[in-house]
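So the chains spell out like this:
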Amino acid sequence: MRIIVYLGTGGVGKTSVAASTAMAVAKTGARAMVLTTDPALRLRTALGLVEGVPEQRVPLDDPKAGELWAGLLDVRATLNEAVRLYAKPEMRERILKHSIYETIANSLAGMQELMAIERIDQLRLRGFDTIIVDTAPSRHAFEILDKPALFADFSSSRKVKLVGRTYKFAAGLGLNFIGSKALDIYSRAESILGVNLVREILDFYSIFYPIAEGYARRAEKTVALLRDPAVTEFRVVTTPQKAMRDAAFFTEALAERNFAIGTFCVNRAWLHPFPDTLPGGLEGELLRWYKSVSDSHREAVWQLREKFGSVVRDIQVFSELERDVDGLAALERLAVQMHLNEPAIVP
Amino acid sequence: MDPQARIMVVCGKGGVGKTTLSLALGLKHANQGKRVVIVSSHPVPELAIAVSLEGIATRFPEAARNLFVVHLDPRELLQEIVEQNFPVQMVAQAILNSSIFKNLIEVAPGLKEFYFLARLQMLAERKGTAARTTSPDYDVLIWDAPASGHFLATLRSARAFEKFLTGPLASAGREMNRFFSNSAHMQILAVTPLEEMAIAETTEMSESLDREFHLHCNALILNMVSPLATATEHEVKQIKLREDSSPALRFAVDRGELERDRKAELSVAITAPQICVPRIREWGGDLDLLSKVGEWLDITSGEVMAQA
Chain A
395 MRIIVYLGTG GVGKTSVAAS TAMAVAKTGA RAMVLTTDPA LRLRTALGLV EGVPEQRVPL
455 DDPKAGELWA GLLDVRATLN EAVRLYAKPE MRERILKHSI YETIANSLAG MQELMAIERI
515 DQLRLRGFDT IIVDTAPSRH AFEILDKPAL FADFSSSRKV KLVGRTYKFA AGLGLNFIGS
575 KALDIYSRAE SILGVNLVRE ILDFYSIFYP IAEGYARRAE KTVALLRDPA VTEFRVVTTP
635 QKAMRDAAFF TEALAERNFA IGTFCVNRAW LHPFPDTLPG GLEGELLRWY KSVSDSHREA
695 VWQLREKFGS VVRDIQVFSE LERDVDGLAA LERLAVQMHL NEPAIVP
Chain B
52 MDPQARIMVV CGKGGVGKTT LSLALGLKHA NQGKRVVIVS SHPVPELAIA VSLEGIATRF
112 PEAARNLFVV HLDPRELLQE IVEQNFPVQM VAQAILNSSI FKNLIEVAPG LKEFYFLARL
172 QMLAERKGTA ARTTSPDYDV LIWDAPASGH FLATLRSARA FEKFLTGPLA SAGREMNRFF
232 SNSAHMQILA VTPLEEMAIA ETTEMSESLD REFHLHCNAL ILNMVSPLAT ATEHEVKQIK
292 LREDSSPALR FAVDRGELER DRKAELSVAI TAPQICVPRI REWGGDLDLL SKVGEWLDIT
352 SGEVMAQA
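Line by line, the protein sequences give chains A and B. Numbering-wise, this note's numbering comes out as the position in the first sequence, counting from 1, plus 394. Numbering-wise, this note's numbering comes out as the position in the second sequence, counting from 1, plus 51.
Isolated chain B, as found in the complex (with noise of 0.2 Å):
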């Protein structure tokens, strides 16, 4: 295994926290003095409603200096790869323009998931591109991946330019998916809440990873978790719901009993360690939130540490 090239990829079903805990665990290993990359491949105003590292160089100098979010723009990396193919800029811009060369981006099947996937490549295996040709150095490479369908649909990207076609788009295709259906390249950090939904998709994923690219789960983050999934069977007991017994506890109950069904559910399911992060009560801004949540989080490139 080479340990150079390990993605931590940070997935599950749309809505989960899939960007908090990408963030939350890029603060923790750079507040430990090593450099970061979080490629996101959300659009920006959609990174910007999730949290916000406002406010980071002031609270945490040490992270600061080390913590990259990088956004991947399938258009701005095809504009990329049009500027090195036809170096007269003025020849660059009129391809750039027609709305042929748009149009055909827009509806090739895939493309921006291929060219997203290809440049994830070359930032994990520390290669520049022409137009920046120093590699990025980091230690800790962290992918914020979209929901687990498109997710999967980006990786079944490289796959399905390797299947219908021939030529050089092809070969490029089988290298990539190659690369990325090797579990020594690809970290598997799958987050859930202890909800019907999510766990069922988290599931369905973690199978297609297993079948499609020979992934499996190097851990399960179940994420907003209520006190009572990590109570002891002994310590659960002790409450007692009485005729008198207010709705907010009993919902609460209700809402712990089920989510300790679900936590041993999944255990059967999908046998990773399990990390449990429980819902934060308070907290003042983003960044507090980021770093209690970090708190939890003891997750290295190498491997996942067990919950106490």
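Pulled out of the complex, with its shape left as it was, chain A reads as follows (with noise of 0.2 Å):
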């Protein structure tokens, strides 16, 4: 099996490099499944992902193709699929009517990597060759690494644990029988954050910690994979403009975690033949204009492949198109600029 994640700021083209990833390896025969966030409309409607529809099988027209998949990552839909699967049945009810169950599953950011990890694993247990993870911008581009293992801390932490059953113990009782050091300070906390809102909580997690701890178990092993070089590759998508930055802030803040960068995709280069001579008039001001964008960008590859060549594996530079992505047609033109590199190999 292999697990590509992609990475990247916002507005880089980053869903449509990662369907067109997956794209690209159904074409070579394999069960290929791109997961996203928040598509475009028009890729969305492409991709046949319509609200309410998780998942979809995309038909393509080639006999020899393996099987292209799309998948939404809905956090509520993950999120209830985990309670309906691991949650005793009796607790079921009260977990989804919880308040604090309805602001996670509605607003938490970084939810949403923690339930691409939970759907990961799914894929996995179904059979995936492949799973393309497009990644929320960079501002939580890293929770997908970092929530699982805070996540799992928490649902595991001890204290924790003891305080949501002395609490769920103690709610019949009244709380002043409780006086274990880890009371001291959810009381403090409860003074700070609010009463109801730490009550709410250790509430919800009283009842939800059955779930969160299989999930951390999950999660575990799903992390492991991400670890693995034979199994994962990070790429990063950049553009032009943004590329020497990018390159520079995601290659640290993966080395701070011990991961590595495979492949940077500099997408949306413009590098059309460009004619010898100029107009005058507005045709010429729009040349001066383009060339002047289109020396920066081949100035911006260069530098990168200079300075950054030999820290990754490969790089990709992938042409704009004319018309803004569209449809399979326009997957299929950014699928045929890329090769894809087949998973390191591990001494």
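Note that these hints are calculated values from the structure, not bench results. C-beta: ideal position from N, C-alpha, C; glycine also. Incorrect hints may appear among the rest.
Ranges of calculated distance between the beta carbons of each label pair, as one might list FRET restraints [said to hold, decoys possible]:
(1) A/R707 <-> B/D339: 30 to 40 Å
(2) A/R518 <-> B/E286: 51 to 61 Å
(3) A/G703 <-> B/H122: 30 to 40 Å
(4) A/M395 <-> B/H285: 23 to 33 Å
(5) A/M395 <-> B/R177: 37 to 47 Å
(6) B/D339 <-> A/L490: 54 to 64 Å
(7) A/E607 <-> B/H122: 34 to 44 Å
Could you fit the two chains together into a complex? Lean on the hints.
Shown next, in the form of structure tokens:
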């Protein structure tokens, strides 16, 4: 099995690159799934992802092709599925109707990444060869790596469990029976965060922790796969304008977490052939403008190769399409520009 | 309207140039002698990868004296609150270092956003905090907002607290919700390039702002547009593609025409003055870029000047 994780800042075309990678992989005969959070409307339509359809097989008119699937990372659906799969029947309703659950499912930043981890595990069990993950823009990009550990820590921390259980136990008895050090901190937290909020959270976790524990176990397995270079490749999508800064930022941020970048994908490059002589008027102005942008793109790609060529396994450059990525045809145009690296060989 | 409490909110999809435009706008005002505070919700390393103000003291000494980029880290805000509540440092530290407290903050939905908003409101109302009693003195307050989804989630956090809690946090939430749902306090400057995804997201964002918070776009900043986006119909007609036209020209014309169509669609979808900022051709460094971009931004906290 292979996992490709795409990282990048906003507006670089990450989703298109991820989807066309899935297409390129499927065309080699494999069964590929691209998991995305928020595709553009037309891309969403092309992939057949409509509201309420968490995943969809995309038809390819190539008899030798394998399967191309597109999945929407819907926090609520994935979370509901986890509750359905792993909660005791009598707890299900209480969890699903809890106000904290409501808020978590609706808004919690970073929840998408937690759910991506859960989905990777589900997809692995269902026999997908290649899973391509399109992460949220940089602000939360690393939550896919950081959040599971944090969450596992939370749900396995004895103190929290103690408070969770004690609270549940104490709810009927009155809180004054408890005098542990953990509770002391808990009550101090209460006075700062507001009594209701803390109680709601603890109450929620007291019924949710079996699911959280199960999640943490599965997340541990999945994160191990993400850590295995023979399985997972991290790719950074950038644009010529952002290339050097993104390269520096992501290389460092990933190195801090002991991951390595496999490939830089420089997307939306303007590299069209340019005429030798320039006309006057607006046409000339337009061409001069194009050339100045194009020159800076070439320069940026050159600099990136100079400085980061030896740091990553591959640097790939994709030219910007004439029209915005539109439908499967556009994904195909990107897919043919792409080469798929085999997973790294682990000594 | 109390112009004193007005926040210029630079918002839009991720990667459209919000930080660059916030800084360009800030630099411009600061260079005119106004004291400017730019509030960023980006983590510091990310802000650093966007654009840099390095060398500002030599190149724009006037601006350097007047421009302040403030990073509001919700974790630090919470720390401040703990320290206020527990003046004994050892106790405060014990709480801050306890894994229970750290975890509660991480898992409490919207809590970080809630505290961010609380601090922003204090800044807008020129109130100091217990730790810093002097209120910051400024003329222009700019919020370099997070990408639209997270921006809306941040605004919603006040409402979420109002909705599912009672007690002091809920009333704080109600008060904050009222403040941020008031267009007298929020000057919405939506940034978008003339591209499908960004436009769709900007339109959705604008609808949400209107529906949920009664906020309307005060200006649309069309960023990184081509020379064709601002040309007249007559000028555009002069360009004729021939059999032997170069691929570069074909691409540029195709893109320019697309942008013109988008610009027209956008003026139907969102009623707000449009300000075009061209993709700047030659610039030496970041400060150069910022001052060039600033030339296009005729925006004061009171009004948006129509573009000639």
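Right, here's what the structure says about each hint:
no. : hint                          : verdict
1   : A/R707 <-> B/D339: 30 to 40 Å : 35 Å, holds
2   : A/R518 <-> B/E286: 51 to 61 Å : 57 Å, holds
3   : A/G703 <-> B/H122: 30 to 40 Å : 34 Å, holds
4   : A/M395 <-> B/H285: 23 to 33 Å : 59 Å, violated
5   : A/M395 <-> B/R177: 37 to 47 Å : 57 Å, violated
6   : B/D339 <-> A/L490: 54 to 64 Å : 55 Å, holds
7   : A/E607 <-> B/H122: 34 to 44 Å : 36 Å, holds
Of the numbered hints listed earlier, those contradicted by the structure are 4, 5.
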